[in-house]
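> One-letter residues, chain by chain:
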Amino acid sequence: MADVIRAAGLVKTYGDVHALDGLDLAVPEGTVLGLLGPNGAGKTTAVRILTTLLEPDSGSAEVAGIDVRKRPAEVRARIGLSGQYAAVDEYLTGFENLDMIGRLYGLGRRPSRDRARELLESFDLSDAGDRPVKTYSGGMRRRLDLAGSLVARPPVLFLDEPTTGLDPRSRTDMWEVINDLVKSGTTLLLTTQYLEEADRLADRIVVIDHGKSIAEGTADELKAQVGGERIELVVASAEDLPTSRDILAQLAEGAVGIDDHTRRVTAPVTGGAGVLIEALRRLDAAGVTLHDVALRRPTLDDVFLTLTGHAAEIEADAAADTDVPLAEATR
Amino acid sequence: MTTLTKSMPAPGPLTPSRFKVFTDGAVVAKRNLIKIKRVPDLLVFSTMSPIMFILLFAYVFGSAIHPPGIGYREFLIPGIFVQTVIFGSTLTGAGLADDIQKGIIDRFRSLPMSRSAVLVGRTTSDVLNNVLVVVIMSGTGLLVGWRIRSSVGEAIVGFLLLLAFAYAISWIMAVVGLIVPSPEVVNNASFMIIFPLTFIANTFVPTQGFPTVLKAIANWNPVSSLAQASRQLFGNTGTTPLPNSPWSLHHPIIYTLLWIVGILIVFVPLAVRQYKRAASR
Chain V
1 MADVIRAAGL VKTYGDVHAL DGLDLAVPEG TVLGLLGPNG AGKTTAVRIL TTLLEPDSGS
61 AEVAGIDVRK RPAEVRARIG LSGQYAAVDE YLTGFENLDM IGRLYGLGRR PSRDRARELL
121 ESFDLSDAGD RPVKTYSGGM RRRLDLAGSL VARPPVLFLD EPTTGLDPRS RTDMWEVIND
181 LVKSGTTLLL TTQYLEEADR LADRIVVIDH GKSIAEGTAD ELKAQVGGER IELVVASAED
241 LPTSRDILAQ LAEGAVGIDD HTRRVTAPVT GGAGVLIEAL RRLDAAGVTL HDVALRRPTL
301 DDVFLTLTGH AAEIEADAAA DTDVPLAEAT R
Chain X
1 MTTLTKSMPA PGPLTPSRFK VFTDGAVVAK RNLIKIKRVP DLLVFSTMSP IMFILLFAYV
61 FGSAIHPPGI GYREFLIPGI FVQTVIFGST LTGAGLADDI QKGIIDRFRS LPMSRSAVLV
121 GRTTSDVLNN VLVVVIMSGT GLLVGWRIRS SVGEAIVGFL LLLAFAYAIS WIMAVVGLIV
181 PSPEVVNNAS FMIIFPLTFI ANTFVPTQGF PTVLKAIANW NPVSSLAQAS RQLFGNTGTT
241 PLPNSPWSLH HPIIYTLLWI VGILIVFVPL AVRQYKRAAS R
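Listed in order, the protein sequences are those of chains V and X.
With the working numbering applied, the first sequence has no gaps in its numbers, which climb one by one up to 331 at the end.
With the working numbering applied, the second sequence has no gaps in its numbers, which climb one by one up to 281 at the end.
Pulled out of the complex, with its shape left as it was, chain X reads as follows (with noise of 0.2 Å):
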């Protein structure tokens, strides 16, 4: 026990404050992803349904559902896409209710560290996460039927595009898991959330048959665009949007990219502030 406390240099020269962000940011984000790799369990649940959700949607619907100009597959895949990777950010509050459950978030927060790294750790290994879910959606799609038919550059920005925005996403989420809790009500309150997001839009079918008002919300729903924008940089369009779509979908990649920021640039510090204020249970 002489070891423990005698012979002590203090603590070596500390990181410059400026860069301690990212080094504290990737210690986080890798104790994140050495847990993805401990309990596989996590993701094999989180490839699973849309797996599931592909073959039911293609196979159940694709019989009944004709969008205009394209085969339903190619039209679904996208949509599949983009509601997987929203799913895929509510890791985020699920892992940190988590966290602040077991008292991790109290020993960081007692810590010299960034006060920002541990969400932006949390939000990087959730993105990397989406990553790999993305990589077997793809393999899914393409076995049945789904084909990237844009020029390799357009589908690399789609990638990046439903990855940018699953990670604003993930800093909304940041904010509700932190805020509720237990981590069991991030999944309820998410799927409170996610399930209306993705449906009342263009996901999984064309919105000309919703009714009025469900069809404005829709028409302006970001995730509308995101997957309007995925469909056109994958070249899986068909003949939308059609000519009397309003401007969010005519101009999907930069309506996404507004909302992106638009969300980062209200919950980034909101998440911020909430993790300082974080009590532990």
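The shape of chain V in the complex, shown without the other chains (with noise of 0.2 Å):
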């Protein structure tokens, strides 16, 4: 299948810092691609400049086929957007905003008028259509901004960031959007700081840093990289913890990890849940108290550890992508 996005070399400079830095990337029609990558990491960069928002300073890119920055009036015509900030007008209504979208993209009268009906209805926002997008809650305000990038029924779709800051819910459900969107054969390029929404969403993900791609893969290859799955307990007492590391190493797939000072027994395990409820089974047989017990899934945090060596760390570069906490993106 022929690449719909393009990207080869693309280069973006902010004074000192390389927002991108040699950035490649390639989505086959009808895939998504998730681009998972910290704060400042060039994820944003990366898609103004697939949507004519920015020149890059060197580098090429070609969306459905067409030269970004050579032909950007063609891209636009072919491309919906959803960024972070979800760019709808908070006095207009829900329709007046997607009509006057609608409008914008060279629809008639009647066409747009019923295009924006149609996805108020698609996206659960009929009710509140005619109220003024002032007294729509953040969710609610999501869906609206990704109806607004389907009014034209785009081949290409990008998403910046379109669950973040929204609470569990309302994130969840923003997920049921875009699963079935991309169900319809949409391309779809996705930017998240969350690895369970990457592994959720998109075929292949692009883990990105410092504005270079550092891995690539389906989900299931980048969590082999970093680990799977890991029983994490703490123990009521030191004694405890000889006997927990022998019972829990009899389940993990490698080395038992102690830390003394917190308690804490770490192992890395397959399998999930039911070797969960196996090894509590016999640390209860065994007599042995438990303070917390969790089983972790690989998160965003662990990804870099083992890729970069580094933590996900927050940069307030010129590029910055958002403002959303690190406690939050690592979640």
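In case anyone wonders, no lab produced these hints; they're calculated from the structure.
Hints may contain errors.
Claimed, not checked - Between beta-carbon pairs, the in silico distance windows are:
hint	chain 1	residue 1	chain 2	residue 2	range
1	X	R277	V	A224	35 to 45 Å
2	V	V293	X	P40	55 to 65 Å
3	X	V44	V	A73	39 to 49 Å
4	X	G153	V	G65	57 to 67 Å
5	X	F19	V	D167	39 to 49 Å
6	V	E221	X	N187	48 to 58 Å
7	X	V44	V	D114	35 to 45 Å
8	X	L258	V	G9	44 to 54 Å
Unchecked claim - Under 10 Å between C-beta atoms, here's a sample of chain V residues computed to sit facing chain X:
hint	residue
9	A73
10	E74
11	R78
12	G80
13	L81
14	G83
15	A87
16	G106
17	D145
These figures come from a predicted structure and were not determined experimentally.
Glycine included, C-beta positions come from ideal geometry on N, C-alpha and C.
Starting from two chains that each stand alone, build the complex the way the hints lay out.
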């Protein structure tokens, strides 16, 4: 299948900061690429270049076979963009927002209105459609913004951190919406700070850091690199540490780690909840009292620690992608 | 969700690009006007201050200022018109800066719309806002004793000249709004520009008592010629311009028109260029 989005050697510098430092990307038709990275990694810069909002210092990019730098107007007619800040007008109603976008895409009066109503219906915003957006919740604004990017049924869609700042419930709703969208064959480039999100939505993931791709593959491939799930437990008494380690060692896929100071035992496992339950049974039978126990999945921090040797740090650089605190990014 | 992308005809025949700037501009202007309708505070504030100015100047300074050959209130009202429509044009800068901050300009820039339509729409809606402001001010002026002593035709030309000058200033403010980092800065910056511009002129007081340097600036300030042109077209000139006034005040309409054309020639391309570059935040 042909690559619908293709970028080669994209470089963008702000002063001393390399927002992008030779980024290559390829997204085959009808697939979803997740661009995963921490704040300031260059995700938003990449999206801005691919959507013609920003000129790269060097490198080339094509969207739907059209050169982004040479024929930006034609690219714009084929893409939809939904940014991390819901770019909807809060004084307009949901309907007015969508109708305005339709008219600006060149739809006629009637088709634009019909399309706006259709999208409000699809995104569960019909009841709120004639209210000013000011009255919408964060999740509703995001849905409206996403609807706005779909007005002209673009074959290529860019979503820049579509769920950043949303509460968990709205995030799950948003994932469902995007999943449905992807099933209909849209080619999608999605940026995110959440490994879980990339896992849920993307066919392939590119991890970027300091404006460069540092790893690429399916979610499973990346997790295999990072290491899979881990059981982490904290025992009530330090005397139980050796027992716990021996029990977990029987179930673990690798070396069991012990932190005497925090009385924490960590064991890499495969098999998820089943293994956890088995471990708890055996620990209970051995009379070990636990303070805390969890099955941890790899986080963005784990990916970064493994791939780069440094944690996903917040960088307040000129091309800062978001203002979301790291605590949230690594949740 | 199946309706999202299925059964998708390509977006219909696109409007010929030649007209896109007007059709898109109209869409953007409509959006801005809806905002004025939804947030009436904006209009209330932009009309309250000129009414306040008229009342303060008319009753506080009116007793002390005696322009040649005419009552102060008649002299003052065209000046207030000038100052107010110029202030009204700062909306352009504040509105654009606000749209950049909220990411709306990014959305516009990602759409296959005319590159200058956002600016055309913005300046158009701001001029319409100014029309409303002028109507309200005229009413207030009539209440405190201002009268149009010329013909209807001349008065209409007078109002049109005011709006045209404000429209040109709108394009300057558009450039300011696209450069500065936030809407608040636009307001401060425009105060810094507009206060001296409208006060070092014959807007509120006759210039003959000004110190030499200020007087020279005031005489050639297009704000003076606009005020003089308005007084002429509304029939509120008294004995101005005084015989020793420069060419600009003896031919205020032409001189003002030259400025309007000059400003547009310089700032329309500048604003469009800056719009293409404008980055969010």
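> Any hints this thing doesn't respect? Which numbers, in order?
none
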